Amino acid sequence: MAGPAWDVVLPSGMSRRSFLRLVGGSVGWSLAGSVIGTQRTTAGAASRELSLLVGTQLTMKSLDPGRTIEASAYTLNHATYDSLVTFSGEDLRNPKPSLAMSWSVSADGRAYTFKLRPNVKFVSGNPLTSADVKWSLDRVINLNSTTKFLVDGIAEVLAPDPQTVVIHLKTLQPSIIPILSSSSLGVLDSKVVIANGGDAGPDAKTKDQAEPYLNSHSPGTGAFILTSYAPNQEVVLMKNPAHWRGAAKIDRIVTRNIEEPAAEQLQLGRGDLDVATGIGPDQLQALKGVQGVGVKTSLIANTFYVLMNNNPTIGGPFSNRKVQQAVRYALDYDGIMRIAGQGAVRLAGVIPTLFPGSLDSKDAVKTDRVKARALLKEANLGEVRGRITYRAGGSSWGVQLDLLVQKIQTDLVEVGMKVDLNGLASLTALQEYRDGKNQIGVWGWTADWPDASNFLVYVPGGVVGKRAGWPADATPDAAALAKLGQEAESEVDNRKRAALYQQVDRRLMEIGPYVPLFQPAVPYAFRSNVSGVTFNSVWGPDLYAISKTG
Amino acid sequence: MRLWSYILRRVLLLAPMFVGITLLSFALSHAVPADPVTANLGEHGAADPQVVAAFRHRWGLDRPLPEQYGIYIWNLLHGDMGVSISTRQPVITDLRQRLPGTIELATAAMIIGMALSIPLGILSAVNRDSIVDQIARVGSLVGVSMPVFWLGLVGILIFYARLGWAPSPGRLSMQVPPPPFETGFVIIDALLAGRMDAAVDALHHLVLPALVLSAYSVGVITRMMRGSMLEVLAEDYVRTARAKGLPGWIVVLRHAARNGLIPVVTIVGLSFGGLLSGAVVTETVFAWPGLGSYAFGSATSLDFPAIMGVGIVVATVYILVNLLVDVAYALIDPRIRVG
Chain A
1 MAGPAWDVVL PSGMSRRSFL RLVGGSVGWS LAGSVIGTQR TTAGAASREL
51 SLLVGTQLTM KSLDPGRTIE ASAYTLNHAT YDSLVTFSGE DLRNPKPSLA
101 MSWSVSADGR AYTFKLRPNV KFVSGNPLTS ADVKWSLDRV INLNSTTKFL
151 VDGIAEVLAP DPQTVVIHLK TLQPSIIPIL SSSSLGVLDS KVVIANGGDA
201 GPDAKTKDQA EPYLNSHSPG TGAFILTSYA PNQEVVLMKN PAHWRGAAKI
251 DRIVTRNIEE PAAEQLQLGR GDLDVATGIG PDQLQALKGV QGVGVKTSLI
301 ANTFYVLMNN NPTIGGPFSN RKVQQAVRYA LDYDGIMRIA GQGAVRLAGV
351 IPTLFPGSLD SKDAVKTDRV KARALLKEAN LGEVRGRITY RAGGSSWGVQ
401 LDLLVQKIQT DLVEVGMKVD LNGLASLTAL QEYRDGKNQI GVWGWTADWP
451 DASNFLVYVP GGVVGKRAGW PADATPDAAA LAKLGQEAES EVDNRKRAAL
501 YQQVDRRLME IGPYVPLFQP AVPYAFRSNV SGVTFNSVWG PDLYAISKTG
Chain B
1 MRLWSYILRR VLLLAPMFVG ITLLSFALSH AVPADPVTAN LGEHGAADPQ
51 VVAAFRHRWG LDRPLPEQYG IYIWNLLHGD MGVSISTRQP VITDLRQRLP
101 GTIELATAAM IIGMALSIPL GILSAVNRDS IVDQIARVGS LVGVSMPVFW
151 LGLVGILIFY ARLGWAPSPG RLSMQVPPPP FETGFVIIDA LLAGRMDAAV
201 DALHHLVLPA LVLSAYSVGV ITRMMRGSML EVLAEDYVRT ARAKGLPGWI
251 VVLRHAARNG LIPVVTIVGL SFGGLLSGAV VTETVFAWPG LGSYAFGSAT
301 SLDFPAIMGV GIVVATVYIL VNLLVDVAYA LIDPRIRVG
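These protein sequence lines are chains A and B, in that order. Just so we're aligned, residue 1 is where the first sequence starts under our numbering, counting upward by one. Just so we're aligned, residue 1 is where the second sequence starts under our numbering, counting upward by one.
Same shape as in the complex, but just chain B:
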């Protein structure tokens, strides 16, 4: 019951958080020393007062800032996030089209990241200073240090251009007509439409960008897992377990790894947020139409409704992931009490 009431309280806290997020996004995007007129009207249009006035009126920019904010919040409460200046579509439609691409990419990267880094961290700690440990340490350092942009281009160069293992950048090959839009997750939409060619093609396209995007998480989580495991392996209860004659792998997996995972859970949660931010670059390199490239485009054209929409979505994901991390804490370690 205490867990449920904690979750409920955290969910209720979302409302004031949203107000804070919208206020902050609104204030920051209006603090930029540039005018949406500059970003959205051509040279001639920006020099014509009539055109500028019509533009400001159309997008509600001719009203005082507090009124603009008030209207935005009022519309938001009615489920309307406004219309994007950059795409001329409702922001909700844009987000529905873009968010699945990023979630698909970030989730795949997270799965790859965890699948590689947790075993690697454990192996590295158990075989401290061995060749495996050295490789894991260097590998994680490389993962943390390499800019995603560079890694992406090198990945494309090697696996696409040279070896031909990876398909061309994008969510689907240009020759493959996209499946009808249902969920926005191309693989799922393709399966729903019975389009195996598109589903396989989409999966194929996901592998390389997800691997590239996971590099940073792999590095961070491996290092954290290794450090955490080294600490736990030195604990008395691990020594006791060994003294009782339990097989080594049982000691490592059942006694040490479960406790070693606790700090890693936090990092995994934070990494997911990082993946969303990292996706901006990865999406650019891999021509991946997701939220990252949408956020970048919105920011560079001072598309206020879109900037606010992206801010709300990203913040929501962060908040929910943090909530999940807290809940996972309680589940992994019964000693931790929430609330």
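Chain A extracted, bound-state conformation:
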């Protein structure tokens, strides 16, 4: 009875006895290898290629550029697609040409004309044209997906000739150039994507069916080609030999999800990984002394901050401006910076120092508990009692949130406030924060594109402003600050824009319900035969820049 079933299961030409011998032999071999420790796996055919093995926390929902803004997807899409502009390495200040060789701005500042690089081909062999750029941007505009905020300012995309793209903006928005570097705005091979269910028309949000295709193929012009994607497990890229900048130095990149940082550290230490980007500060310290391993940290365009709710019903005493100022002076920033970890930088305002328009760290508030107590006395509210909400057990950019929040609690108690900790499960905490129900919260905001305009979310009526119970029409002061934010965002002169951002940041420190703490630095490590590893705050490592010997 079993015969036919075995015939179905077994490879052709293999008898049941040989199969059993094979399995038995494998078990024995493996166990012997485990016990004796003599057997090491060989890479077989794949070892002839130059492979790069990357360990990370590979968590993303999609590889469709138009539907993802997740960090892992940004890294991979940055390698498989090209955008009109880009940035080099860790720089976030100087946009560089990518698919666009050059661009110019109209006199009114609302139309940007891009000249495309000639002779660029997609992996299909199709030539890149302005129609592809227009189609790709139109698709993101019409998908109404999580990437929509990137193109909110675009009124229209035109393709007057095959090598020219014109982007008309709804209002003045000089940040459009850094925004266009986003991996989400990578240019797709429109013919191929349309043939596989893609739609960029006004009904794209319902008609576009290209996501499954884009989760298994990368019809872009990037340096690498997606060859396999197992969600939350592993992604394999092969180099694109016809890439316009010249083929990448690495033939094959395997990126694997390793949830546990300690396991990632050990694998890098033993040479089973080439690059580890999912490690924390503890692993960084441990790897520092390991032979054959290099470690680095890179600043992240992120603001760790304390939020106090301006809505008296929710914020209670913490909605009082004097209490908010008292909190600023009560914190022991030296102690907080020790928790922030190696490479982190103290913030004087909410705009990270990586961007023009940020305040100098030297101007940051200094701990002054006498002043804090005096401010509390001036507030004359009796006992100041509150509750800090945060993601219990969580970590962000390697910073352990429990430690940070406990430190803040201790500091506030020092000046006579009574603060309880409200550590919640990640999603519940995030929900409470987004619903604007945190009395006090400890959060971070990371730039989605390389520009200070990201951080206008803090002004009254901005995304974070609303969460802090601070609508644009809260007070005349708030309305003026919201207006100043708009001015900064639309100022086309770089120098004036930077000055306006500084003005916004200073004013936020005077009247805003926030305490900016620090910008973190991400730790990562790599084998010493690997070079060119950098970590861009928006898209992580630039895989094209990495090379490896041996």
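For the record, the hints were derived by calculation from the structure and aren't laboratory data. Any given hint could be a false lead.
Some, not all, of what chain B presents toward chain A, calculated at C-beta under 10 Å [as the list claims (entries may be wrong)]:
#1 A34
#2 S86
#3 A161
As the structure is a prediction and not an experimental result, all values here were calculated from the model. C-beta atoms are modelled at their ideal positions from N, C-alpha and C, and glycine is treated no differently.
Given the structure of chain A, go ahead and fit chain B onto it with the hints provided.
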């Protein structure tokens, strides 16, 4: 015949059980004080009503809850478990990819667990209070007490990082291209593809996580086997067997162990369920892409279709294992009547 009709009745009972499971999973996952919008849209997207509306519409979250549940059940009856919000793949595809990894791990852990714990329990009982017994008791206490997470990390540290006996975490070495997906059991798929390198590599990768995962079962089953054997060894029929002059090992194995195994069978069944749950942690530590890590990811992103899918699969496994335990009871001990 009575056994077969019992099995048939138990199988038929699966249908109402499934309804209960889906209803419970649905109700519990919707009772969480968080919104899938929060879990799945970024900061900007969640703040844009148009994006939120499009997201809710796409995933059917804009319909009333009873309607959502009704649609889910209707689709389920047609073999459609929906599409995962987290992976954008059909849940059935995800389960097909993830379940074999967990079954592979849990089965290996169970085999290791039984192979170690049953003889150890018997030896421990037969040599009560001896050094063997003391070692077995301490060992099983350690197995029960040690958190799998810690044990896994220590295992990796010693056997992988220090001694180099175990391979790196994962189901396959990163240098080894995976075999074409056929069954999802990497070892079998590798053999089917004639890829001995991948089969050996996969087996090699299985040993340490399976050993770690089996620690708890080894502890529990050893203690249960020992206790059960001590009880049986004091029975009159064992004394009679000894009095008849039967060799000691025959008395222990043929007369005592068979009866001593009866309560252990229940524990083995329950342990298998425990292994599935324990796999969540083990899979995280060992970067093992199985159902556990899928369940965790689904729960943290409020991926309702995936949560329901995992609930159904895990419950089915539990039910089937319990059924097997009941059948095994009847086979081991003819005095037990099913039905």
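Evaluation of the provided hints:
With its C-beta approaching chain A no nearer than about 4 Å, A34 (chain B) sits inside the 10 Å limit, and its interface hint holds. With its C-beta approaching chain A no nearer than about 5 Å, S86 (chain B) sits inside the 10 Å limit, and its interface hint holds. With its C-beta approaching chain A no nearer than about 4 Å, A161 (chain B) sits inside the 10 Å limit, and its interface hint holds.
The structure is consistent with each of the numbered hints, conforming to all of them.
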